[in-house]
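Here is what each chain is made of, one letter per residue.
2 protein chains.
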Amino acid sequence: MKLKDMNERDIISTITRIFRPETIDIVLPCAVVGPGEDDCSVIELGEGRYLVSSTDMLHEKTDFPKGITPWQVGWMSVAVNLSDIAAMGAKPIGIMMAMGLPPNTELDFIKELSEGMDACARQHGTCIIGGDVDRHDELTIVGSALGLADDGYLVRRKGAQVGDLVCVTGELGAVGAAMDSLRNNLEAYPYVMKKLYMPVPRIREGMALAQTGCLTSMMDISDGLALSLHDIGVASGVGFCINAASIPVHRTVREMADSESRLVEWSVYSGGDFELLFTIRAGCVERARKIADFTVIGEVTVDGIFLVQNGRTAVLEARGYLQFGDKV
Amino acid sequence: MKLKDMNERDIISTITRIFRPETIDIVLPCAVVGPGEDDCSVIELGEGRYLVSSTDMLHEKTDFPKGITPWQVGWMSVAVNLSDIAAMGAKPIGIMMAMGLPPNTELDFIKELSEGMDACARQHGTCIIGGDVDRHDELTIVGSALGLADDGYLVRRKGAQVGDLVCVTGELGAVGAAMDSLRNNLEAYPYVMKKLYMPVPRIREGMALAQTGCLTSMMDISDGLALSLHDIGVASGVGFCINAASIPVHRTVREMADSESRLVEWSVYSGGDFELLFTIRAGCVERARKIADFTVIGEVTVDGIFLVQNGRTAVLEARGYLQFGDKV
Numbered sequence: 029m030k031l032k033d034m035n036e037r038d039i040i041s042t043i044t045r046i047f048r049p050e051t052i053d054i055v056l057p058c059a060v061v062g063p064g065e066d067d068c069s070v071i072e073l074g075e076g077r078y079l080v081s082s083t084d085m086l087h088e089k090t091d092f093p094k095g096i097t098p099w100q101v102g103w104m105s106v107a108v109n110l111s112d113i114a115a116m117g118a119k120p121i122g123i124m125m126a127m128g129l130p131p132n133t134e135l136d137f138i139k140e141l142s143e144g145m146d147a148c149a150r151q152h153g154t155c156i157i158g159g160d161v162d163r164h165d166e167l168t169i170v171g172s173a174l175g176l177a178d179d180g181y182l183v184r185r186k187g188a189q190v191g192d193l194v195c196v197t198g199e200l201g202a203v204g205a206a207m208d209s210l211r212n213n214l215e216a217y218p219y220v221m222k223k224l225y226m227p228v229p230r231i232r233e234g235m236a237l238a239q240t241g242c243l244t245s246m247m248d249i250s251d252g253l254a255l256s257l258h259d260i261g262v263a264s265g266v267g268f269c270i271n272a273a274s275i276p277v278h279r280t281v282r283e284m285a286d287s288e289s290r291l292v293e294w295s296v297y298s299g300g301d302f303e304l305l306f307t308i309r310a311g312c313v314e315r316a317r318k319i320a321d322f323t324v325i326g327e328v329t330v331d332g333i334f335l336v337q338n339g340r341t342a343v344l345e346a347r348g349y350l351q352f353g354d355k356v
Numbered sequence: 029m030k031l032k033d034m035n036e037r038d039i040i041s042t043i044t045r046i047f048r049p050e051t052i053d054i055v056l057p058c059a060v061v062g063p064g065e066d067d068c069s070v071i072e073l074g075e076g077r078y079l080v081s082s083t084d085m086l087h088e089k090t091d092f093p094k095g096i097t098p099w100q101v102g103w104m105s106v107a108v109n110l111s112d113i114a115a116m117g118a119k120p121i122g123i124m125m126a127m128g129l130p131p132n133t134e135l136d137f138i139k140e141l142s143e144g145m146d147a148c149a150r151q152h153g154t155c156i157i158g159g160d161v162d163r164h165d166e167l168t169i170v171g172s173a174l175g176l177a178d179d180g181y182l183v184r185r186k187g188a189q190v191g192d193l194v195c196v197t198g199e200l201g202a203v204g205a206a207m208d209s210l211r212n213n214l215e216a217y218p219y220v221m222k223k224l225y226m227p228v229p230r231i232r233e234g235m236a237l238a239q240t241g242c243l244t245s246m247m248d249i250s251d252g253l254a255l256s257l258h259d260i261g262v263a264s265g266v267g268f269c270i271n272a273a274s275i276p277v278h279r280t281v282r283e284m285a286d287s288e289s290r291l292v293e294w295s296v297y298s299g300g301d302f303e304l305l306f307t308i309r310a311g312c313v314e315r316a317r318k319i320a321d322f323t324v325i326g327e328v329t330v331d332g333i334f335l336v337q338n339g340r341t342a343v344l345e346a347r348g349y350l351q352f353g354d355k356v
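Residue numbers (the working numbering), protein chains in the order written: chain R, 29 to 356; chain E, 29 to 356.
The hints are simulated quantities; they were obtained by calculation from the structure and are not laboratory data.
One or more hints might be untrue.
Identical copies carry no separate label here, and so any pair may be met within one copy or between two of them.
Calculated lysine-lysine pairs in the PhoX-like style (CA-CA distance at most 25 angstroms, straight line) [what the hints assert, rightly or not]:
#, residue 1, residue 2
1, Lys32, Lys89
2, Lys318, Lys139
3, Lys186, Lys222
4, Lys139, Lys222
5, Lys94, Lys186
6, Lys222, Lys89
7, Lys94, Lys222
8, Lys30, Lys139
9, Lys89, Lys30
10, Lys94, Lys139
11, Lys32, Lys186
12, Lys318, Lys94
13, Lys94, Lys30
14, Lys186, Lys139
Can you build the whole structure from these sequences, using the hints too?
Shown next as structure tokens:
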């Protein structure tokens, strides 16, 4: 069978079965959270500290949208990696950038690219600590971000409990709207284009929320809200009931949408919004609101993932952004 | 200026100048050893412990030689990353693998690739802790290896002192010989082909040697002995006098060489031998010999890098394997 005939999650599970910690001899030092299990892998450092790490490959053909500047490519490459660190509630301590560069690339391009990387890292309290450069036909950038979290404040996908509230940071749908504008050569609204070109990793919010000790699960919604709900649902063994009217959407995105179903498509089923999705114990919400902005969009239930819209309850499908295949 | 008109080290220094820790605000957590400075970056974890990390991009067109199996591609991708951890004297604690995979790739290829990665990691006391899969036109694999070292046992490129002895692990020249065989369609000797397809990272030797407390500098010689000597020379502010007759070369490689200059070309100026080059205080050599095999090939001097061969002393040139440009 060829990869193009498979969906991405089946490919990942084939690979991770080979790497699974449980198949590794007990004497080997291994990850507390291993491949394919969460936004980051987690290694116990002892003395109640955990090292979290994540790697992400971006490349010209699939990841850098039309109109993006070299500086923004650099920013984005760091941001998507830091977003995974944020999703664990961890503090970033460094990021490595491996770059595959076409020989015809202008040196100025590389300078701007590197400056964008540097700016994104610094603005989120960390720095570029190393990397690699390689000659490559297609501009390919692989970041590897590292972070630290203390015991008790590491938030995983696993842990959501029935009755917890489901929340998201920021506003959703802007990147779906931006991608649709690009695809259809429509007017590019600056608000959504900025969201697309310069995603902001929610490092501050992730750390602050984790330190309340009230979060029961968290991940970023880079593949879209729908797939992320399904991922947390599977990891935690729970379901969700999401209220469509509660999903935070910027007024520009509302203006751009020609129908309510388009709005749901952008805010629920499109990837690229690097916001955090988390569950929190209901009694904690007021306290958490004092330290970070977020919106409650639903509740953790026993099973099934549903979207309530205009008084009707429908199954929230498991679809969104995937590298391989066109559905999960 | 385009990258193809520049040499690799100038490209790296352009990039790393942008990321340099000294330009970063003092309140930011930063690396003790930053980009471009050593085989790994180093972050201080406190309590006398250091986190070392390294990332390496490999891809089909430039890194996977003719005849290599998918399993060996996996092995090699992990090995080259672990070699950087070995070069710091650190203990590997995990490795992430980001893979760009062509859609026409067979699933069995990915399974064998992953099994090769897994085998190399396990045989060196660690495991694959995470990664990423991405659709890509060219098979591209980026590993990011993590390791730990205790204070006093972290070995850097900086630190060689005049009078120290210069040593290498294993035997050199096999990969240069193998590459020449492939290029010229000559008979492939199994010994050299195995060295090319399945490099062995010197994790055990790196850790054991570092723990003698006698090493003053170390790096791996993936870009060749000559470039590595120049790198340590610059980092430590010293020179070297290397005795060509002392450079350890396997008898198969000797047999394959049609001249002495070919032998020097393979063992001094070719990359791909993932051995360790290190300097050690002269009084420690006997003690170190009890815990690891290595060969003394020369001495640290005040300046200049020279090769003594058949009673003649000549400048040891700074050339070897580079991704961009054809000379440093």
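The hints, checked one at a time:
For the homomeric pair Lys32 and Lys89, the shortest alpha-carbon distances inside one copy (16 angstroms) and between copies (22 angstroms) are both at most 25 angstroms. For the homomeric pair Lys318 and Lys139, neither the shortest alpha-carbon distance inside one copy (40 angstroms) nor that between copies (48 angstroms) is at most 25 angstroms. Taking identical chains as interchangeable, the C-alpha atoms of Lys186 and Lys222 are never at most 25 angstroms apart, the minima being 32 angstroms within one chain and 43 angstroms between chains. Proximity of Lys139 and Lys222 under a CA criterion of 25 angstroms is satisfied intra-copy only: 21 angstroms inside one chain copy versus 39 angstroms between copies.
Within a single copy, Lys94 and Lys186 get their C-alpha atoms no closer than 36 angstroms, and across copies no closer than 44 angstroms, so neither meets the 25 angstroms cut-off. When the C-alpha separation of Lys222 and Lys89 is checked against a cutoff of 25 angstroms, the pair qualifies only within one copy, where the shortest distance is 20 angstroms, while the shortest distance between copies is 35 angstroms. Taking the closest pair of Cα atoms, Lys94 and Lys222 come within 25 angstroms of each other only inside a single copy of the chain (13 angstroms); across copies the shortest separation is 45 angstroms, beyond that limit. In this assembly of identical chains, Lys30 and Lys139 lie within 25 angstroms of each other by CA distance solely across copies; the values are 12 angstroms between and 38 angstroms within a copy.
In this assembly of identical chains, the alpha carbons of Lys89 and Lys30 lie at most 25 angstroms apart whether taken from the same copy (20 angstroms) or from different copies (21 angstroms). In this assembly of identical chains, Lys94 and Lys139 lie within 25 angstroms of each other by CA distance solely inside one copy; the values are 20 angstroms within and 34 angstroms between copies. For a Cα distance limit of 25 angstroms, the shortest separation of Lys32 from Lys186 qualifies neither inside one copy, at 30 angstroms, nor across copies, at 48 angstroms. Within a single copy, Lys318 and Lys94 get their C-alpha atoms no closer than 38 angstroms, and across copies no closer than 60 angstroms, so neither meets the 25 angstroms cut-off.
For the identical chains of this complex, Lys94 and Lys30 are inter-copy neighbours only, at 22 angstroms across copies versus 29 angstroms inside a copy, given an alpha-carbon limit of 25 angstroms. Taking the shortest Cα distances, Lys186 and Lys139 never come within 25 angstroms of each other, neither inside one copy (41 angstroms) nor across copies (27 angstroms).
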